[in-house]
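A.B. asks: Using the sequences and the accompanying hints, generate a full structural model.
Residue numbers (the numbering used here), protein chains in the order written: chain A, 1 to 200; chain B, 201 to 364; chain C, 365 to 480.
No wet-lab data here; the hints were simulated from the structure. Among the clues, some could well be false.
Stated by the list, open to error - If you anchor each label on the Cβ, the simulated ranges turn out as follows:
#	chain 1	residue 1	chain 2	residue 2	range
1	A	116	B	216	50 to 60 angstroms
2	A	11	B	237	33 to 43 angstroms
3	B	234	C	416	45 to 55 angstroms
4	C	478	B	301	43 to 53 angstroms
5	C	468	A	113	46 to 56 angstroms
6	A	154	B	220	32 to 42 angstroms
7	A	154	C	463	50 to 60 angstroms
8	A	121	C	468	20 to 30 angstroms
9	A	45	B	319	22 to 32 angstroms
10	A	97	B	318	48 to 58 angstroms
11	B	217	A	97	49 to 59 angstroms
12	B	279	A	154	19 to 29 angstroms
Everything numeric in this text was worked out from a predicted model, so none of it was measured. C-beta atoms are modelled at their ideal positions from N, C-alpha and C, and glycine is treated no differently.
These are the residues of each chain, in order.
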Amino acid sequence: MIETYLIALLIFMIVGSIIAIETKNLLSSVISCGIVGAAVSIAFLMLAAPDIAITQVVVEILVLVILIRATIVIDNTAIEAHWDTFAVVSSLIFFGLFLVFAFLAVQDLPRFGHPLMRVSQQYLETGLQKTGAANIVASVVLDFRAYDTLGEATVIFVSILGAFVILRRRGRKRRTEADVEKVGILSEEEIREHNGDIRE
Amino acid sequence: MATKPDLASSQQPTGMTPIVKTVVRFAIGIIFMFGWYIIIYGHLTPGGGFAGGTILACGYVILTLAFGKELALRKMSDMAASIIDNTCALLFVTVAMIGFAFGAFFLNFPPHGTPFNLVSAGVIPLYNILIGLKVTSSLFAIFLALSIFGRFVSKLVDEAEEEE
Amino acid sequence: MILYFLTLVLFVMGVYCLIAKKNIIKKIIGLTITDYAINLFIILIGYRANGIAPIMFKNMTMQELTERGVDPLPQALVLTSIVIGLGVLSMMTAICLRLYEKYKTFDMSEINRLKG
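C.D. replies: Below you can see the structure in the form of structure tokens.
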């Protein structure tokens, strides 16, 4: 039964992604991407993964807000397709081959509903006694596999650092006083420093 | 945390329409409460640091969108966000390092307590709170950077076009 | 089987958008869709028929959890992967803003032409 629902949901996702890819208007494209994310969240809920469903739905909202607020408000012009025949044809051929081989490879995976659980069975059996956490996912994330979480924290730290470095104000062309006022989040010292630059 | 924004007294109109502001004023407390619930009960019910931290970041983003950036910066400035981010990352590694004193890296060293209690599972709730704060501050900082610098870019572009 | 295959079709959609589209924001959307497809694929493999969430409640026996609980390991890995995806997306958006500041357009072929 659940398989039927999931197939319907996946077809819905594929239609949403086609709209997101092919529509001319960027705003509708971003919103269709959000629809795909919401459907993925519902699928997680049906697959008995409430932790991920919560995270997915909130993250998807943030993705939408970031994309609209940071990029769409700047430039919403639809880009006329310079139809790059070589890229489209070669990628279509590649994806045809990819899907054929994927269809063959999928036959060897464990059947849907019957996973291989050699390690995970151990986690399910001993997780509560070893860590005392009732949520086995939390015990896996923060106790059995805490190294992964440390790596995740590092990755998000580095990505935020990278974004700040890319968008930084220092080291770029000199600002005038009016620009400094416009940004608005400079501290007093920075404004004084900028003014000093201008006076020089 | 931020609950009752006193935007009625602010002079210059910023942000969105009064309808949005009123709804956000009612909803924002509930959003922050739900985020903290998800973080603190992360080891008993679905949720945890990542989900709760993202919900809290969404709360700050709503404040920014509805009331303009001044209020959100008063609640959590960009400097405060980066300091919280770095401190939580360091504390996370420090708590993991303390495990060395008891035998191994990332050891769950405190007593585990009785299951299904709020204070149980040793060090996992602490990790949840640290990760939640880290995710909140870093996502809010990146939203702030993107939206404010993005505005800056668009204004520069407008001016350049006007000059031409 | 058809479920796995449909997920891979969604993956291919994302990669096609990443390769063939000219707008940088379209490329970001393609990468996001790819991300969703991979996460969904991993969770699908860990599902157990008539499964329950791997969370112990007070009125449950241990046996019920071990016999019916779904695989917790993919859920833990995907949980971190989703947040990493958000970090990567924000960094890509930052790069896009710098590109826009320099070239005044989001069009990839235009940027290539201006550079050369």
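A.B. asks: Hint by hint, note whether the structure agrees.
C.D. replies: These are the hints, each one checked on the structure:
At about 51 angstroms, the CB distance of residue 116(A) to residue 216(B) agrees with the hint of 50 to 60 angstroms. One distance hint, 33 to 43 angstroms for the beta-carbon pair residue 11(A) and residue 237(B), holds here, with the actual separation near 36 angstroms. Our hint of 45 to 55 angstroms for residue 234(B) and residue 416(C) is violated, since their Cβ atoms are close to 24 angstroms apart. Checked against the hint of 43 to 53 angstroms, the pair residue 478(C) and residue 301(B) fails, with Cβ atoms roughly 59 angstroms apart.
Judged by the Cβ atoms, the range 46 to 56 angstroms given for residue 468(C) and residue 113(A) holds: they are separated by roughly 53 angstroms. Separated by about 37 angstroms at the C-beta atoms, residue 154(A) and residue 220(B) satisfy the suggested range of 32 to 42 angstroms. The hint said 50 to 60 angstroms for the Cβ distance between residue 154(A) and residue 463(C), and at roughly 26 angstroms that hint is violated. Distance hint check: the CB atoms of residue 121(A) and residue 468(C) are about 57 angstroms apart, inconsistent with the given range 20 to 30 angstroms.
Remark: the range hint 22 to 32 angstroms for residue 45(A) to residue 319(B) is upheld by a beta-carbon distance near 29 angstroms. Restraint check, residue 97(A) to residue 318(B): a C-beta distance of roughly 54 angstroms satisfies the suggested window 48 to 58 angstroms. The beta-carbon spacing between residue 217(B) and residue 97(A), approximately 53 angstroms, falls within the hinted interval of 49 to 59 angstroms. Checking the proposed 19 to 29 angstroms range against residue 279(B) and residue 154(A) shows it holds: the Cβ atoms sit about 22 angstroms from each other.
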